[in-house]
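Turn these sequences into a full structure, and let the hints guide you.
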Amino acid sequence: MATHSPNLECRMYEARYPEVDMAVMIQVKNIADMGAYVSLLEYNNIEGMILFSELSRRRIRSVSSLIKVGRIEPVMVLRVDKEKGYIDLSKRRVSEEDIQTCEERYNKSKLVHSIMRHVAETLGIDLEELYVNIGWPLYRKHGHAFEAFKIMVTDPDSVVGSLTREVKETGPDGQEVTKVVPAVSEEIKEALIRNIRRRMTPQPLKIRADIEMKCFQFDGVLHIKDAMRKAEAVGNADCPVKIKLVAPPLYVLTTQTLDKEQGIQILSQAIAACTEAIEGQKGKLVVKEPPRAVSERDDKLLAEHMLKLRSANEEISGDEESGDEEDTGMGDADVENSAGIVE
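276 is the number that the UniProt record's numbering gives to position 276 of the sequence shown; each next residue is one higher, with no gaps.
If you're looking for bench data, these hints aren't it; they were derived computationally from the structure.
Glycine included, every Cβ here is placed at the ideal spot set by N, Cα and C.
Please note: incorrect hints may appear among the correct ones.
Here are the in silico distance ranges between beta carbons for each label pair [what the hints assert, rightly or not]:
{"id": "1", "residue 1": "K110", "residue 2": "E289", "range": "44 to 54 Å"}
{"id": "2", "residue 1": "A237", "residue 2": "N7", "range": "42 to 52 Å"}
{"id": "3", "residue 1": "I46", "residue 2": "Q100", "range": "50 to 60 Å"}
{"id": "4", "residue 1": "K308", "residue 2": "R58", "range": "48 to 58 Å"}
{"id": "5", "residue 1": "F216", "residue 2": "E96", "range": "48 to 58 Å"}
{"id": "6", "residue 1": "K179", "residue 2": "D157", "range": "13 to 23 Å"}
Think about it this way: if two alpha-carbon atoms lie no more than 30 Å apart in a straight line, the pair counts; the simulated DSS-like pairs of lysine-lysine are [unchecked claim]:
{"id": "7", "residue 1": "K110", "residue 2": "K189"}
{"id": "8", "residue 1": "K225", "residue 2": "K214"}
{"id": "9", "residue 1": "K141", "residue 2": "K179"}
{"id": "10", "residue 1": "K284", "residue 2": "K230"}
{"id": "11", "residue 1": "K150", "residue 2": "K206"}
{"id": "12", "residue 1": "K300", "residue 2": "K260"}
{"id": "13", "residue 1": "K288", "residue 2": "K230"}
Laid out in structure tokens, this is it:
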């Protein structure tokens, strides 16, 4: 491990300057008399300029409404003078398609850069050295290092094992010889894999739908339980479906999956199966909230809501003479212990 203070500043790509007609991500640093000075975030913050005439195709009424200090956005490269270091940029010439492509590339590059920088800082090596040996070769081979990193989550050796570099050594006879060695040491390789897995291992999404289900027929509780079973049967190993009672007649269906679209589709099919089963017994199902991805905050709010309902239910004194009647219950009821009749 190097003992010097590592240089952690480096461009994201092998090319020192962007190409003309390429969309790049910038951050506005200063607004002057002629235009705005910006930093090119993907090229180690080298300076560029957007003339006021390149801000908009329309007549400019207020410069501040078009560009603000600190804002990050894609712009088009008009001219690059590599000798003088001048880069002229345009905001008005960048299309919606260019913006989308630039944002997608930048988000991938930013994640790769963050991982590479953390490894370099942790091991005390220069970031550019890491890019020379790993980052830029992966860009050349895979189109983008992000795609290579995705492979490394499950099969790192297939990616890193193929990377080599040439070193010059003096042989026993005093002659200089060139040897091909692995691009990085085992220490760097392990640190890189560890960080990639920590940052890029996909996390399951939670998909949820809210429904109201009622059945006033004789044995309506049993019909609701059967409908719930039909809903859960739609799930599979990748997308298991669970249905829980919040408070009659409100139920929630949930699943966890790595594929958002698949999760939404599975829950939609579960609702359809549940609807068919309950309507076959003259019951009714209403979708209150269709299947959608939910956050931990949504789960917390649901849990708090269920707790309030449970507490409110416990505060109500029951009729002593109705003790033999079946308790409809509240809370985390599932197929085996839930009920759902509300009159």
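Going through the hints against the structure:
{"no.": "1", "hint": "K110 / E289: 44 to 54 Å", "result": "34 Å, violated"}
{"no.": "2", "hint": "A237 / N7: 42 to 52 Å", "result": "48 Å, holds"}
{"no.": "3", "hint": "I46 / Q100: 50 to 60 Å", "result": "24 Å, violated"}
{"no.": "4", "hint": "K308 / R58: 48 to 58 Å", "result": "53 Å, holds"}
{"no.": "5", "hint": "F216 / E96: 48 to 58 Å", "result": "53 Å, holds"}
{"no.": "6", "hint": "K179 / D157: 13 to 23 Å", "result": "21 Å, holds"}
{"no.": "7", "hint": "K110 / K189", "result": "20 Å, holds"}
{"no.": "8", "hint": "K225 / K214", "result": "11 Å, holds"}
{"no.": "9", "hint": "K141 / K179", "result": "22 Å, holds"}
{"no.": "10", "hint": "K284 / K230", "result": "15 Å, holds"}
{"no.": "11", "hint": "K150 / K206", "result": "22 Å, holds"}
{"no.": "12", "hint": "K300 / K260", "result": "20 Å, holds"}
{"no.": "13", "hint": "K288 / K230", "result": "19 Å, holds"}
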